[in-house]
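Visitor: Line by line, the protein sequences are chains A and B. Per the working numbering: the first sequence = residues 1 to 350. Per the working numbering: the second sequence = residues 1 to 350.
Hint data in this document are derived by calculation from the structure and do not stem from the laboratory. Incorrect hints may appear among the rest.
Identical chains share a label here; the pair holds if one copy fits it or two copies do between them.
BS3-like mimics (lysine-lysine), calculated; alpha carbons at most 30 Å apart, straight line [stated by the list, open to error]:
#1 Lys326 x Lys186
#2 Lys36 x Lys207
#3 Lys148 x Lys224
#4 Lys36 x Lys186
#5 Lys186 x Lys168
Spelled out from the first residue to the last, the chains are:
Number of protein chains: 2
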Amino acid sequence: MIGRLATAAQAGLLIMQTHCMNLSEATELVEAAFRKVSVPVESARSVASALVAAEAEGQVGHGFSRVEDYVAQVVSGKVVADASVSVAHAATTSLLIDAGNGFAYPALDAAIQAGAELAQEHGSATMAIYRSHHCGALSVQVEKLAQKGLVAMMVANAPAAMAPWGAKSAVFGTNPIAFAAPRDNKPPLVIDLSLSRVARGKVMNAKKAGSSIPEGWALDQDGKPTTDPEAALEGTMVPIGEAKGTALALMVEILAALMTGAARSAEASSFFSADGPPPNVGQYLIALKPSDNVGFASRLEDLLQHIESLDGARLPGQRRLAAMAKAREQGIDVPVRYIEAIRNIIDGQF
Amino acid sequence: MIGRLATAAQAGLLIMQTHCMNLSEATELVEAAFRKVSVPVESARSVASALVAAEAEGQVGHGFSRVEDYVAQVVSGKVVADASVSVAHAATTSLLIDAGNGFAYPALDAAIQAGAELAQEHGSATMAIYRSHHCGALSVQVEKLAQKGLVAMMVANAPAAMAPWGAKSAVFGTNPIAFAAPRDNKPPLVIDLSLSRVARGKVMNAKKAGSSIPEGWALDQDGKPTTDPEAALEGTMVPIGEAKGTALALMVEILAALMTGAARSAEASSFFSADGPPPNVGQYLIALKPSDNVGFASRLEDLLQHIESLDGARLPGQRRLAAMAKAREQGIDVPVRYIEAIRNIIDGQF
Chain A
1 MIGRLATAAQ
11 AGLLIMQTHC
21 MNLSEATELV
31 EAAFRKVSVP
41 VESARSVASA
51 LVAAEAEGQV
61 GHGFSRVEDY
71 VAQVVSGKVV
81 ADASVSVAHA
91 ATTSLLIDAG
101 NGFAYPALDA
111 AIQAGAELAQ
121 EHGSATMAIY
131 RSHHCGALSV
141 QVEKLAQKGL
151 VAMMVANAPA
161 AMAPWGAKSA
171 VFGTNPIAFA
181 APRDNKPPLV
191 IDLSLSRVAR
201 GKVMNAKKAG
211 SSIPEGWALD
221 QDGKPTTDPE
231 AALEGTMVPI
241 GEAKGTALAL
251 MVEILAALMT
261 GAARSAEASS
271 FFSADGPPPN
281 VGQYLIALKP
291 SDNVGFASRL
301 EDLLQHIESL
311 DGARLPGQRR
321 LAAMAKAREQ
331 GIDVPVRYIE
341 AIRNIIDGQF
Chain B
1 MIGRLATAAQ
11 AGLLIMQTHC
21 MNLSEATELV
31 EAAFRKVSVP
41 VESARSVASA
51 LVAAEAEGQV
61 GHGFSRVEDY
71 VAQVVSGKVV
81 ADASVSVAHA
91 ATTSLLIDAG
101 NGFAYPALDA
111 AIQAGAELAQ
121 EHGSATMAIY
131 RSHHCGALSV
141 QVEKLAQKGL
151 VAMMVANAPA
161 AMAPWGAKSA
171 VFGTNPIAFA
181 APRDNKPPLV
191 IDLSLSRVAR
201 GKVMNAKKAG
211 SSIPEGWALD
221 QDGKPTTDPE
231 AALEGTMVPI
241 GEAKGTALAL
251 MVEILAALMT
261 GAARSAEASS
271 FFSADGPPPN
281 VGQYLIALKP
291 SDNVGFASRL
301 EDLLQHIESL
311 DGARLPGQRR
321 LAAMAKAREQ
331 GIDVPVRYIE
341 AIRNIIDGQF
């Protein structure tokens, strides 16, 4: 698949070379990698489905690019391969879910399954997950609740990358907020955003490419604006809305780390390195059943149509839906280097 | 109290002249104004308490400055003076509260009372208020839930002032998000922010003062940046975080307008003018009980102490707490023009 490399330019092109796979092929391939390192079949399938779903919606930072690091963490024991998920009822509508220092996705599956039933019955439910790991694209998770007719919110914490406004050292992850609402005969409306102005992955990409970053993305270790990706990665990401962004990050931190009993962002270990203790991050979900008699479904259509009718406006998540439709019809273009890496894992090279 | 005006400069000073009142004097005075226009005693007290609480925490745009407009809306019938609040159970933990096109505050009192009990019993509760009015400082409301040991979120919609990112016409209010968490032996942590970069009141103040506004606050009717407050008030406010801010505003709109059955921001009438139909806006609150065994209280202290220990950082709500402490000890400085206006109402001049 990869031929002899003649020049550096050709090597650069080859690094970007992709192979088109349909979604079930892709899922089976990723699943096989995790099975190879003794992840039980149900968990392996859950992880593979979530990574491929993120890849399919264009969130490539949460897709195939993660497989090697995830596998390395299973091999080192940082992620417990055969973790069992336990779901406890802290109150009628409050679930406390122990991910057992395994992957986040099996815990999210259990949380969404049990939480949706509670919300359908009682009107609301919360799912607090601890001893968890990188949860990838939150959009993938909240959409599942909306597909069950529920309005959903989800927040997560992550290794610290953002300072409280005015300070120099990182206390918060880029702490995302996601939201979904069910639509009649249409895919749910999905909102998914991090509280940093740009994703940290963009800074990592700039570093890899040897280019500078625009001012306004990140601060260096001294809290000063920087255009050097290296200095940015040693410093902190700039929040949206200055102090408002870090106030929202504090809200997310309280829900995701403290309501769950998980580690704080500043305590969490890397999602990338195979070394160190488990990250023990947390995810917090709220599922809400729209009341009868408020006309939720039809009034949501009115609101969304109003927005779509405006010149220059677009609904959140439209690029995502287009990417998902294309992925279902035409498959996804997976970088060959990731496929090779996975084949190596399956061949026992890890 | 106001002497003969010699010069325009003196007149300017007099406009800013204040009179110091303690909080109970202030509440009684405001309550008397609403009693005079036939607002029942319990509602009058609720409205007065909320306005004085906002004034005491330094949110003067939600305090005494509102009394005359509120009273005028009662007189015109835009606000129903003797509205009765009804609380319905849409599900075990979902309350649907009809504010009856009266003031928001009595409905919020009922929502918080009933919702807190549900959340204590079941772990979570939601309170969806419709046919409501201006809800003032959200901080005042979420703090009450936190004082009952609950973590609280609140969102509200308001007459449209913000366009979807890229569009020209207003669809969303500045749609605030508030959050509170209980602390042991300390006032709750309170976060309260609007999703516009600055409050619309700042633009109104600039217009009154005849000064320009900084670029970045607002857009004109054509969606272009403007420094002219008049053009800004005819245009839209700039959201925090560009498209992220309006995505969050859409989330708030769905919760506050659609989960409640209230009017959308683009449909809501003014909170200032006495003309037109009732605004029929909505408020949506979520109350969450921290689970036992997650060490919520002590871990929150660890997190907040960590933030406070950092050079340059401060916790959200610290200015507010300082203002409240000063107000309790020394009273509040109320502009004399507001006191005069209230005395005129009490004397029957409205």
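Visitor: Does each hint hold? Answer for all of them.
Guide: Verification of the hints:
no. : hint            : verdict
1   : Lys326 x Lys186 : within (16 Å within a copy, 54 Å between copies)
2   : Lys36 x Lys207  : neither (32 Å within a copy, 68 Å between copies)
3   : Lys148 x Lys224 : neither (46 Å within a copy, 41 Å between copies)
4   : Lys36 x Lys186  : neither (38 Å within a copy, 52 Å between copies)
5   : Lys186 x Lys168 : between (44 Å within a copy, 27 Å between copies)
Violation of the numbered hints given earlier is confined to hints 2, 3 and 4; the remaining hints are satisfied by the structure.
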